[in-house]
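**Q** Listed here are the chains, written in short residue letters.
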Amino acid sequence: MSKYLLIFYNSIQRSLIYRFNTFSLLFIQIFVFGVFFYLWSSIYREGGQIGNYSLGEMVTYYFLVIFLSLIIKADVAWRVGDEIRLGTMTTILLRPISYFGYTFSRLAGEIVFNTAVYFSSFLILFLFLKDYLNISLNLEQVSFFLVSVILGTAIYFLFFYMVGLSTFWFGFVWGFNFTMSMIVSFLEGAVIPLDLLPEFITRMSNFLPFKYIMFTPISIFTKRTELTLDLLIIPLVWVIALYFISLIMFKIGVKKYEGYGA
Amino acid sequence: MKAMELKKTFLKYFKIFLHLQKIGLMSRTAYRANFFIIIFAVLIQASFSLIFIKVVFGFLNNISGWNYYEALVIVATYLIVEGLMWVLFGQFNTIVKQIQQGELDGLIVRPIDTQFLVSVWRGDSEDIVRIITGLGVIVYALNNLNLTLTQITVNSFFYIFMLFNALVITYSLAVLFKTISIWTIEARAFFHLTDSFSRMSQYPTDIFYHKIVQTIATVIIPLFFMATVPAKILTRGFDLKIVLSSFIIAGVFFYISRKFFQFALTKYESASS
Amino acid sequence: MNKIIEVKNLTKTYDYFKKEPGLKNSFKNLFKRKKLFKKAVDDISFDINEGEIVGFLGPNGAGKTTTLKMLSGILTPNKGEIKVLDYNPEKREAEYQRQFALVMGQKNQLWWDLPPMESFLLNKEIYGVSKQEFTENLDELVKALKIEDIIDKQVRKLSLGERMKSELVASLLHSPKVLFLDEPTIGLDVIAQKNIRDFLKKYNQKRKTTILLTSHYMEDIVALCDRLIIINEGKIIYNGSINDLMKKYAPNKMITVFFEKEISANELKKLDKVYKIEDCKVLFKVSREEVKNFATKILSSDLPVKDIEISEVDVDSIIRNVFTG
Chain A
1 MSKYLLIFYN
11 SIQRSLIYRF
21 NTFSLLFIQI
31 FVFGVFFYLW
41 SSIYREGGQI
51 GNYSLGEMVT
61 YYFLVIFLSL
71 IIKADVAWRV
81 GDEIRLGTMT
91 TILLRPISYF
101 GYTFSRLAGE
111 IVFNTAVYFS
121 SFLILFLFLK
131 DYLNISLNLE
141 QVSFFLVSVI
151 LGTAIYFLFF
161 YMVGLSTFWF
171 GFVWGFNFTM
181 SMIVSFLEGA
191 VIPLDLLPEF
201 ITRMSNFLPF
211 KYIMFTPISI
221 FTKRTELTLD
231 LLIIPLVWVI
241 ALYFISLIMF
251 KIGVKKYEGY
261 GA
Chain B
1 MKAMELKKTF
11 LKYFKIFLHL
21 QKIGLMSRTA
31 YRANFFIIIF
41 AVLIQASFSL
51 IFIKVVFGFL
61 NNISGWNYYE
71 ALVIVATYLI
81 VEGLMWVLFG
91 QFNTIVKQIQ
101 QGELDGLIVR
111 PIDTQFLVSV
121 WRGDSEDIVR
131 IITGLGVIVY
141 ALNNLNLTLT
151 QITVNSFFYI
161 FMLFNALVIT
171 YSLAVLFKTI
181 SIWTIEARAF
191 FHLTDSFSRM
201 SQYPTDIFYH
211 KIVQTIATVI
221 IPLFFMATVP
231 AKILTRGFDL
241 KIVLSSFIIA
251 GVFFYISRKF
261 FQFALTKYES
271 ASS
Chain C
1 MNKIIEVKNL
11 TKTYDYFKKE
21 PGLKNSFKNL
31 FKRKKLFKKA
41 VDDISFDINE
51 GEIVGFLGPN
61 GAGKTTTLKM
71 LSGILTPNKG
81 EIKVLDYNPE
91 KREAEYQRQF
101 ALVMGQKNQL
111 WWDLPPMESF
121 LLNKEIYGVS
131 KQEFTENLDE
141 LVKALKIEDI
151 IDKQVRKLSL
161 GERMKSELVA
171 SLLHSPKVLF
181 LDEPTIGLDV
191 IAQKNIRDFL
201 KKYNQKRKTT
211 ILLTSHYMED
221 IVALCDRLII
231 INEGKIIYNG
241 SINDLMKKYA
251 PNKMITVFFE
261 KEISANELKK
271 LDKVYKIEDC
281 KVLFKVSREE
291 VKNFATKILS
301 SDLPVKDIEI
311 SEVDVDSIIR
321 NVFTG
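Protein chains in written order, with the working numbering: chain A, 1 to 262; chain B, 1 to 273; chain C, 1 to 325.
Be aware that one or more of the hints could be misleading.
As the list claims (entries may be wrong) - Calculated lysine to aspartate or glutamate pairs in the DMTMM-like style (CA-CA distance at most 25 angstroms, straight line):
| # | chain 1 | residue 1 | chain 2 | residue 2 |
| --- | --- | --- | --- | --- |
| 1 | B | K267 | C | E233 |
| 2 | B | K22 | C | E148 |
| 3 | B | K12 | C | E148 |
These are computed hints drawn from the structure, not numbers from a lab.
Modelling step: build the complete structure from the supplied sequences, incorporating the hints.
**A** Structure, rendered in structure tokens:
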């Protein structure tokens, strides 16, 4: 157990060294949020409305999309893909450590670090805009939100871990990863809230795990949905299912990888 | 005599540019599967911008004075500028990669302007799809706007210049920010920074209803000139003040970015003895 | 003799930050960092004449590559003057850049996914080489390095040796007057190393190209260089011919005598200059001038000599002596 903890700590250390990156990304996203803020504000003050979303809900939606992206999105697929492609996975396979545990601990360190850095700015900005946006929160809602975010992060991590593992069969991960990121960002509601899209897309997204990454947690936060348990149970089931599928993928893929004497 | 020299130099640089484009294309089509996947991904990415506009305009018909088709022209302009940035300059990412891998030395010692060489060294040919999509959307949008053929022709003439300026500004921003990677190895943020500026230029800058934000979006990070202005000129006709400002801002930004690049090169310390 | 390269009191200092391990120290570094300075090159001066092949020898971090980079204009010196072909490299004038070439052993300048030929053509454009000169040089270089078969194969599919040869060709297409080579044979197999050395020697003889190369392979230096400059910790500790180096730091030669049977201690006492005894093998350390006499003495004595070997102290140990002595 402690070896994973060590990897976790090392990952945080490494993030500390590259703190310039972390902070720069924060400022970039604040800028992006600023633009969306003005977009929705000017639409609503001119009398328009997007679906049945209030201005507060719209702005909060994009606010959360932007900040959740900062925290959740780690380069899982890239890292895993490179380790397979360049053969550096071998050094990990030779050690008494599970590759999944290793990858997870490493990324967990980054996610925790990012959360710590971004959370304070997130909080400040939020308190600043709270009244303008008409957002009220209660404890039950916030706890649901947090659990939902954790589950969504797990789904994101597992899915892109599997995308990275696909390198066992494809040889490189670049294009596939890029395409998948695009598709997932659309289906998780990061481009447009899912309930504003045509019905067939909304129905399709109910059968996929992606909406639980962004759309569901955000809907919980903005109170656009009732706090029912299935909002947490369904993603949990997805997490378990994806985990087992990834285990199988790894088992089969690793045999192929080792077959090359890498 | 000076004109002859200038012409010769220009031709030489143009030949090098063409040569690099050629071998860039050869290099990228060497990996067939990857090539097609990237084209597919670029198309999807471009469609997101279009889908966004379509959905939003499904609920209203005006954003700060822009109607659906005019807004499409802004997005299309953004797609074209982005496409050109990728195809011609590879988003100026070469400098970041070469500094990280210590390969900038090889370009510095060549008898060709270093900034030029770094800019055109690698282009991503697949992104031509972005340009084609943008052009297609413009044709579609112009079809649906009430403009006479004369108006379209005249406006298109000025549009090309405005597009050129938009490209110059976008390029200069990329040079300004990515050259900073000479001082720090933490380069990841730089790939995202100028990309975010471009992405945010696809919305009409009229949405910034606070004067100070408008000013920032016009002179400091000139989102105004990066897509809104060309679209304005194309869909609403010539405006002297805007056209002149476009040239001025483009000129100023290019000058500043060039000076900065030259300054940065003098500070370049390649690691390792 | 033309002085092609003149270096006077050249100094280059790097600064860097001290990084200590551990999470606590990482946090500490957020607020206070210690800035340290390192003199990579410390007040060095030397001249190189036209057509010379000069080797820069020294351990890692000694300042070899830094010096080379200052000569090619990549780095600017903190102090001192450099003149190459009457140009100041710092200015990076195109006229100067057209007359030299830089090849770095560990850095690839060829396009990875394409055949070397494409990179050759690109260099032709960049250096403005006329079609005639290009074709002539290409033919000559490709034949000399024997890479006719591989110039149309993708670079990534070539062996290290083939890649290095292609890099050399690419760098010589514009007939540079000066060639800077940084560790050109590093990582290559013995045969490739020899091929490249032979090629450089012949090329230099034919074209009188001034060559400056850094290496930590002795064989490169011994096989190619007329002159040797040894750098350690940023300072020049030797600048002269290899022969002079040998005379100064290796005044002795080793004579190994193989006897038919073990020699008694008495008999050995009669011979001096005994260095080491290993059963039937006795090593003698003899100064260069006395080698002939000593060997004659041994052979004409009635000692049961089976075989005799006269060898150099190996150059590596000579260099080591230079550093420690």
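**Q** None of the hints should be skipped; say for each whether it holds.
**A** Okay, the hints, checked on the actual structure:
1. K267/B <-> E233/C: Satisfied, since the Cα-Cα distance of roughly 23 angstroms is no more than 25 angstroms.
2. K22/B <-> E148/C: With a Cα-Cα distance of about 24 angstroms, the restraint between K22/B and E148/C holds, given a limit of 25 angstroms.
3. K12/B <-> E148/C: Given pair K12/B, E148/C is violated - Cα atoms ~29 angstroms apart, limit 25 angstroms.
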